[in-house]
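Novice: Residue strings, one per chain:
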Amino acid sequence: MASTHAVPPRWRRGEGARALLWLAPWIVGVLVFFGYPLLATVYFSFYRYDLFTLEFVGLDNWRYAFADERVYQSARNTLWLVVFMVPAQLLFALGVAQLLTKIKSGAGVLRTIFYLPSLVPAVAGTVAFVYLLNPATGPVNQLLALVGITGPDWFGSAAWAKPSLTLLAVWGVGNTMMIFLAALLDVPRHLYEAAAIDGAGAWRQFRNVTLPTISPVLMFSAITGVIYAVQYFAQAMIASRVASGATDSAGSTFTPGYPDGSLLTLPQHLFHTGFRDWSMGLACVHALLLFAVSMVFTLILLRQFSRAEGES
Amino acid sequence: MRFVPLAAAGLLALSLTACTAGTEAPSLGARPTTTGTGPVAAALPPATLELWHGFSTDAETTAFEEAIAGFTKKYPQIKVTAKKAVQDAQITAAIRGGKAPDVAASFTTDNVAQWCRSGAFQDLTQVIQQDGIDLSVLPEASRSYTEFEGKRCTMPLLADAYGLYYNKALMKGNEPPKTLSELTELTKKLTVRDPDGTIKVAGFIPSFQYYENSPSHLGPMVGAKWYNPDGTSAIGSDPAWKQLLTWQKELVDWYGYDNLDKFRKGLGDEWGSEHPFFEGKVAMAVDGEWRNAMIAADPEAKSMDYGTAPLPVADDKPDLYGSGFTAGTVIGVPKGAKHPQHAWELIKHLTTDTDSLVTLSNALRNVPTTKAAMESPKLAKDDKFATFLDIFAHPKTSTLPASVNSVFNQDAFSTFLIQWEKGAVKDLDAGLAGVDKRINDKLKLSGG
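Order-wise, the sequence lines are chains Z and C.
full-length UniProt numbering numbers the first residue of the first sequence as 1 and each following residue consecutively.
full-length UniProt numbering numbers the first residue of the second sequence as 1 and each following residue consecutively.
Because the hints were derived from the structure by calculation, they are not lab data.
Just so you know, not all the hints are guaranteed correct.
With a Cα cut of at most 20 Å, we get these calculated DMTMM-like pairs of lysine to aspartate or glutamate [unchecked claim]:
| # | chain 1 | residue 1 | chain 2 | residue 2 |
| --- | --- | --- | --- | --- |
| 1 | C | Lys437 | Z | Asp68 |
| 2 | C | Lys302 | C | Glu270 |
| 3 | C | Lys99 | Z | Asp50 |
| 4 | C | Lys437 | Z | Asp60 |
| 5 | C | Lys444 | Z | Glu55 |
| 6 | C | Lys200 | C | Glu274 |
| 7 | C | Lys444 | Z | Asp60 |
| 8 | C | Lys151 | Z | Asp50 |
| 9 | C | Lys444 | Z | Asp68 |
| 10 | C | Lys262 | Z | Asp260 |
| 11 | C | Lys422 | Z | Asp260 |
| 12 | C | Lys444 | Z | Glu69 |
| 13 | C | Lys444 | Z | Asp50 |
| 14 | C | Lys74 | C | Asp355 |
| 15 | C | Lys151 | C | Asp134 |
| 16 | C | Lys225 | C | Asp315 |
| 17 | C | Lys426 | Z | Asp260 |
| 18 | C | Lys242 | C | Glu182 |
| 19 | C | Lys74 | C | Asp131 |
| 20 | C | Lys225 | C | Asp238 |
| 21 | C | Lys168 | C | Glu279 |
| 22 | C | Lys396 | C | Asp315 |
| 23 | C | Lys426 | C | Asp253 |
| 24 | C | Lys302 | C | Asp269 |
| 25 | C | Lys178 | C | Asp383 |
| 26 | C | Lys338 | C | Asp123 |
| 27 | C | Lys265 | Z | Asp260 |
| 28 | C | Lys168 | C | Asp298 |
| 29 | C | Lys249 | Z | Asp260 |
| 30 | C | Lys437 | Z | Glu69 |
| 31 | C | Lys225 | C | Asp429 |
Using the sequences and the accompanying hints, generate a full structural model.
Specialist: Take a look at the structure:
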């Protein structure tokens, strides 16, 4: 304690100012690009804002949002992606990475093959998948027909649309796979040797050595995966639009979320509300709901991983 | 502490810059008077106009630039820089950001109400009156989709009209139907199925999910109305919609929803050479006049023997026969345009000059909007195209009236119609009342 009090107050003030100076770019960034937009979003949520004019409407936007079935539908779709798509991506990436660590020859080629899809632009990849999975003319269903299986409707069916998107997401999981591969290769070999001497089989080694060692990487991937899923937008909108075959022409509009609203995610609903329907105040409510959902999932994940780390 | 005065000075400078940066752009309305006797445009000072439009293909942009060249040849001191393939959202964003073009054109009429109400596009009423332009040369429907609540903030450039296309080889000698009963009868007669029930050729696809079968395009067959005079939804209260939906569902059920859905999903792209009408998979289809140009441009389809006719109409409303749906490209002067007077002169030329309209129509095969242009001997019109000119000019031809929630309303109705045609709606009246409620609730939130 004495040593702490021995620090001259003048020096401490100078040190604090210097720290603030170094932190200033970050603080300014947070205030300008996060703090201000967040406060502005809360502010606009109480206004009728058509992109040009503002009118205070109290809680009208909030009441409308909570009564809007489309909000619940899009939230359910987003939740589905978080619960099914993210784990599928993580499991596939981890499985492939694990396999790649075991392969003796040709691992470099396989790594490249599995990584390449993540370089394909989201729009191109989505359009390609919709064509591949076209129920009538796509090669996937034609191949299935050759072995006597009637393929599903994929992006044309409300039941299959989200699983089809999950296939697309799993296909493009190269980045996560590379992160997992690096983490797996970083696990100390002697831990496996010690576990093997103790009689641990492959599964026990994976569960008790690999997973605890790579858990920070898993946590990072899970959290970023959840945030990505909560903000899922482009692929769902493109798949929906291409599969529906609809275009915006005179007297004809595209209904987002085709088929049957099954691909309408919360960010899409937000976008259409704000920029298609000119209801920016209502879109701000959606944005705040989206923010709340992201925060809840992130906190849950952080808690779960902290608990798991504590146990291990 | 010595940084504080510096920071304060910086902030002050920033504030002042912000306050003085954008001097107010000139607005349309107060028109300068000319001393000479020539046209107003000739007396305007030199300027370069920026024009944004949605045309994207080479043929479209070349035709549009030729129409613009007709103006710049007359008034060489005015130059025009055109930017192609621009969407409505880009126009709105540019206006908000203070970077608006002088002239902006849109393919859809969906944002006209918002643009007019918010002032994003300037009101043309005053200059139209000053220039003595008689708007009665435009059909009622075209006047309707270019204005909102008394503010005329856009003018119609070219129009689209919707009618019936029929493949003569598949019609088996039958004439195109004039009533919904005839359409049903002919559909059943012309439809060809495989032994297992799979549809091979559809007489007519009644699904609202098929390409151009939107409620806007099919509604005129029964004279259905979208809105009450106060802007609220008329979908639930206008019996015409119920008449259309009942007819449509009976025909869907005749095919079997699953059969029809499977057939529809296996069809080619609407904008490609695998269009089912081109490939002889559909005998009759509702489509716009622009399909004629697409057929003519397709190496395979151009040899097809087909005809066009007005839409079949409700049996109890024969006076509707000959009418249809229309909408089209709109053009206006955004708020913040640097040269609004020049911009108006260009718009006036493009939308009212007969030669310009005819040139553009001949190149793009869209319907010209003025009576003079439609009657011009220079207008290329064969029988197939003339059908759409007649539909456009018909007094009962209707449009989707401008609404601040235009896209939302169409989306709400279309979403319901998908449920309806698949048989998920048990009570049609209650379902339509639900559509009304969605539209009216949103209208209330948008300020009525």
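Novice: If a hint holds in the structure, say so; if it does not, say that too.
Specialist: Comparing the hints with the structure gives:
1. C/Lys437 - Z/Asp68: The hint holds at about 11 Å.
2. C/Lys302 - C/Glu270: Between lysine 302 of chain C and glutamate 270 of chain C the Cα gap is close to 16 Å, so the pair holds against 20 Å.
3. C/Lys99 - Z/Asp50: Roughly 18 Å between the alpha carbons, so the hint for lysine 99 of chain C and aspartate 50 of chain Z holds.
4. C/Lys437 - Z/Asp60: Satisfied, since the Cα-Cα distance of roughly 16 Å is no more than 20 Å.
5. C/Lys444 - Z/Glu55: holds, 13 Å
6. C/Lys200 - C/Glu274: holds, 15 Å
7. C/Lys444 - Z/Asp60: Holds: lysine 444 of chain C and aspartate 60 of chain Z sit about 10 Å apart, inside 20 Å.
8. C/Lys151 - Z/Asp50: holds, 17 Å
9. C/Lys444 - Z/Asp68: holds, 14 Å
10. C/Lys262 - Z/Asp260: It holds: about 16 Å lies between the C-alpha atoms, which stays within 20 Å.
11. C/Lys422 - Z/Asp260: holds, 11 Å
12. C/Lys444 - Z/Glu69: Within the cut-off at roughly 17 Å; holds.
13. C/Lys444 - Z/Asp50: With a Cα-Cα distance of about 14 Å, the restraint between lysine 444 of chain C and aspartate 50 of chain Z holds, given a limit of 20 Å.
14. C/Lys74 - C/Asp355: Measuring from Cα to Cα gives roughly 13 Å; hence the hint holds.
15. C/Lys151 - C/Asp134: holds, 16 Å
16. C/Lys225 - C/Asp315: holds, 18 Å
17. C/Lys426 - Z/Asp260: Distance ~17 Å between lysine 426 of chain C and aspartate 260 of chain Z Cα, so the pair holds.
18. C/Lys242 - C/Glu182: holds, 19 Å
19. C/Lys74 - C/Asp131: holds, 18 Å
20. C/Lys225 - C/Asp238: Roughly 7 Å separates the two Cα atoms, so the pair holds.
21. C/Lys168 - C/Glu279: holds, 13 Å
22. C/Lys396 - C/Asp315: holds, 16 Å
23. C/Lys426 - C/Asp253: holds, 14 Å
24. C/Lys302 - C/Asp269: holds, 17 Å
25. C/Lys178 - C/Asp383: holds, 17 Å
26. C/Lys338 - C/Asp123: holds, 16 Å
27. C/Lys265 - Z/Asp260: Given pair lysine 265 of chain C, aspartate 260 of chain Z holds - Cα atoms ~15 Å apart, limit 20 Å.
28. C/Lys168 - C/Asp298: holds, 18 Å
29. C/Lys249 - Z/Asp260: Status holds; Cα separation ~18 Å.
30. C/Lys437 - Z/Glu69: holds, 12 Å
31. C/Lys225 - C/Asp429: Holds: lysine 225 of chain C and aspartate 429 of chain C sit about 16 Å apart, inside 20 Å.
Checked against the numbered hints above, the structure breaks none of them.
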